[in-house]
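Assemble the whole structure, with the sequences as input and the hints as a guide.
In case you want the letters, here they are:
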Amino acid sequence: MVDPANEAARKIAILGPQHANPILREVLDSESMPGPYVLVAAGWEEREAETGSLESHLGVSVQNLGAWPACETAFEKDSELKKLMFARYDRMRELTRVYRVRMSAELGALRTLFARTNPAAPDDLVGPELEPAFEALRALDDLHRGRVAALNDETFARAHERDSLREGTERMAEMLAGAGTLLIAGGHVGILYNRMRLFRVLDHLNPGAGIAGWSAGGMVLTDTLLLFHDSPPRGAGDAEVHGPGFGIAHGIVALPHASTRLHLDDQARVAILSRRMAPALVTALDGGQCALLGGAGEWSFRGGARLLRPGGQVEDASDSGREPALSPGGTA
Amino acid sequence: MNQVLEKDTLDALLARIVAEGPAAVSAVEGGFPVVEGNRALFAYVGHADEVRLHHWIFGLESAQEFHRVHAEVWTLEIEIHDAARVEYKLEVVENEQRQLMRDPLNDQLARDPFGANSVATGPGYTEPWWALEDRAKRHGEVLVRQLRCKTFGDVRPLSIYLPPRYRETRRYPLLVCHDGLDYLEFAGLQRVLDNLIDLQEIPPLIVCCTQSPNRTEEYAANERHAEFIANEVLPLMEAEFSLLDGPSDRALMGASFGAVASLYTALQFPDRFGKLFLQSGSFAFTDIGPHGRGPVFDNVVQFVNRYRRNPTKPATRVFLSCGIYESLIVYNRSLLPMLQKTGTEAVLVESQDGHNWENWRDRLRDGLTWLFPGPLWMVYE
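Listed in order, the protein sequences are those of chains D and U.
Under this note's numbering, the first residue of the first sequence is numbered 42, with each subsequent residue one higher.
Under this note's numbering, the first residue of the second sequence is numbered 116, with each subsequent residue one higher.
Since the hints were made in silico from the structure, they are not lab data.
Here the structure is a predicted model, which is why all the values come from computation and not from measurement.
Accuracy of the hints is not assured; some may be wrong.
Derived, one-sided and incomplete: chain D residues facing chain U with beta-carbon distance under 10 Å [unchecked claim]:
(1) Pro-58
(2) Phe-175
(3) Glu-176
(4) Ala-180
(5) Gly-258
Covered by chain D, per the in silico footprint, the following chain U stretches (three or more residues, Cβ under 8 Å) [as the list claims (entries may be wrong)]:
(6) 279 to 285
(7) 477 to 486
Note that beta-carbon positions come from the ideal geometry of N, C-alpha and C, so glycine has one too.
What follows is the structure, encoded as structure tokens:
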């Protein structure tokens with residue numbers, strides 16, 4: 042597993058979606074993140090090999106790790122590995138169901154409290170109730186993340202013993218050792234995380250290489266895989282912790298597609314999300330926007346990337362200077 | 116959608132029709148009925164002694180009389196709800212000959228296994244965008260199988276929907292759909308599945324569409340039918356396709372008697388199906404006296420009466436939908452709290468519609484996304 046302390050020197054860029062307004066090329070140039078560009082696009086699943094439009098945007102070809110088909114091949118050859126990963130999936134679903142029981146209640150309580158006060162300036166009746174309610178929710182999120190982390194550690198340790206993964210891991214390790222920059226595409230955030238973990242992608246990455254991830258590809262670099270959608274076809278739209286990320290982009294929560302997935306004009310929802318994830322910075326990233334982690338351990342923002350503030354405000358962070366990153370210990 | 120008029124123009128139109136006759140009707144380019152607010156004006160032009168509008172709205176007289184407003188022009192104004200869909204036919208009587216016909220002034224039709232009806236819609240009704248063909252989206256595949264059926268001693272057709280990019284190395288939830296071939300033909304089930312899967316609103320899932328040659332008997336709380344589904348269809352699907360294990364990823368679905376068959380099968384085999392999608396279920400019962408719905412309902416009423424006396428949990432989740440213009444709405448409203456008391460997570464969605472395939476199509480998104488929430492939450496492209 043990646044040790045965040047060893048990753049401090051890497052240049053890391055977390056970008057919003059790259060469909061309509063791609064800025065990946067521009068960011069790689071401005072941040073001096075050179076090739077060779079090695080791509081992991083396992084979140085695209087069966088479409089992982091479809092790199093044409095990405096290469097066209099970059100103007101160079103990329104080396105595709107092929108983590109998706111490598112995993113499918115391993116599953117076909119190794120029924121024990123497949124069984125192990127399916128068992129993890131089933132256990133994850135059970136853990137999530139249990140987590141949701143309390144989480145939806147805690148979140149509902151917070152929404153009820155915020156409905157009775159001004160999110161930016163809580164009154165003296167409701168105000169003192171808020172922080173204890175947030176503490177309960179944060180503790181629950183931490184508990185769930187910890188339980189999933191333990192499940193992951195056990196599962197992937199056993200998976201790494203399987204011979205069926207060796208060939209793919211070695212092939213990828215060779216590509217990763219020579220990488221100038223690792224590109225991580227978006228897609229299914231759970232599958233992306235799993236494939237990267239199965240083939241130990243970050244463990245084998247050249248220590249001097251930068252990392253640029255967009256959408257889910259940025260989310261996996263952070264401490265927490267937070268799933269969010271304020272207006273799904275059904276349900277209350279309760280953001281939930283899916284599990285741990287790789288934690289090398291420490292102290293930030295990335296929210297790609299923020300404008301379409303979130304009600305950023307809902308002050309209470311913004312305030313709840315911001316305070317729930319504190320002390321991490323919560324950044325909303327749409328097309329054309331990005332967050333950059335510099336060598337000095339500070340986050341800077343571009344293109345209109347926004348920060349969700351505890352009072353419910355959404356601020357354009359691209360003009361506000363640098364925000365200190367959290368140390369791996371978790372304090373600002 | 117029917118033509119919607121600005122405020123205060125319907126009366127003017129009616130006045131023109133009274134004054135000018137057929138010419139004023141022909142001048143209305145969008146056809147009839149025309150709708151203004153909650154008023155819908157129907158017209159008929161031709162020789163007739165009487166004209167009536169036949170609809171299937173429970174609670175209203177099923178035949179509404181048109182009035183002759185000109186020598187050969189008849190009109191009728193009815194109230195229409197904002198998001199309503201009303202299927203109807205015209206009954207034209209001339210020289211004591213009665214003819215039931217579709218409205219010649221209305222191009223909007225709804226098809227079903229028995230033909231087609233004319234359709235009137237309120238100003239707020241729109242055909243759901245997620246039910247329309249979208250060639251840009253990936254399409255699933257429908258395989259046709261003939262199942263040699265031991266239970267009934269014949270061969271049953273199965274149409275099996277496989278989602279786009281189906282692969283053996285993944286596992287999928289299963290939905291068994293009664294009257295599934297009709298769902299494919301008349302409710303656009305494949306289009307809906309393709310769209311909702313593409314939108315990540317439901318996961319890629321496998322749908323086994325069954326069809327009965329004798330549904331009023333086999334779907335009417337019939338033990339043999341339940342055995343057929345649980346002991347023949349389900350094992351076939353498990354053997355041939357890569358399915359997720361356990362009842363929480365197995366669902367039954369059906370409309371009308373198909374909903375009865377779904378509920379009955381789930382109760383007969385409580386460990387097999389964890390989710391039910393029941394549309395306009397014919398859950399008729401009697402508190403006292405005969406049910407008055409004809410002999411095909413005898414078994415159904417016995418079953419529902421028995422179930423009402425001793426309700427048990429049929430599944431973890433049950434999604435009910437029903438139109439408020441159906442007489443069945445009473446039974447479905449009654450079933451909801453009964454299911455909830457058993458510990459079932461159940462919801463009922465009502466619509467301003469009737470007992471028809473468009474109504475069932477229009478509720479597919481509600482039901483499928485509730486029963487099978489998709490990876491929308493997991494995908495950040």
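> Are Glu-176/D and chain U close enough, Cβ to Cβ, to be under 10 Å, as the hint says?
Replying inline: Not OK, violated: Glu-176/D not within 10 Å of chain U, min 25 Å.
> With a cut-off of 10 Å, does the beta carbon of Pro-58/D approach a beta carbon of chain U closely enough for the hint to hold?
Replying inline: With Cβ-Cβ at 6 Å, under 10 Å, it holds.
>> Can you confirm whether chain D covers the segment 279 to 285 of chain U, using C-beta to C-beta distances below 8 Å and requiring at least three such residues?
In response: holds (count 3)
> Holds or violated: Ala-180/D as interface residue toward chain U, Cβ cutoff 10 Å?
Replying inline: violated, 22 Å
>> Gly-258/D was flagged as interface toward chain U. Is the shortest Cβ-Cβ separation under 10 Å?
In response: holds, 9 Å
>> Given a cut of 10 Å on the nearest C-beta pair, is the interface hint for Phe-175/D held or broken against chain U?
In response: Cβ of Phe-175/D sits 22 Å from chain U, so the hint is violated.
>> When I compare C-beta atoms, does the segment 477 to 486 of chain U have three or more residues closer than 8 Å to chain D?
In response: Satisfied; 4 residues make the cut.
In the structure shown, a violation is registered for the earlier hints numbered 2, 3, 4, in ascending order.
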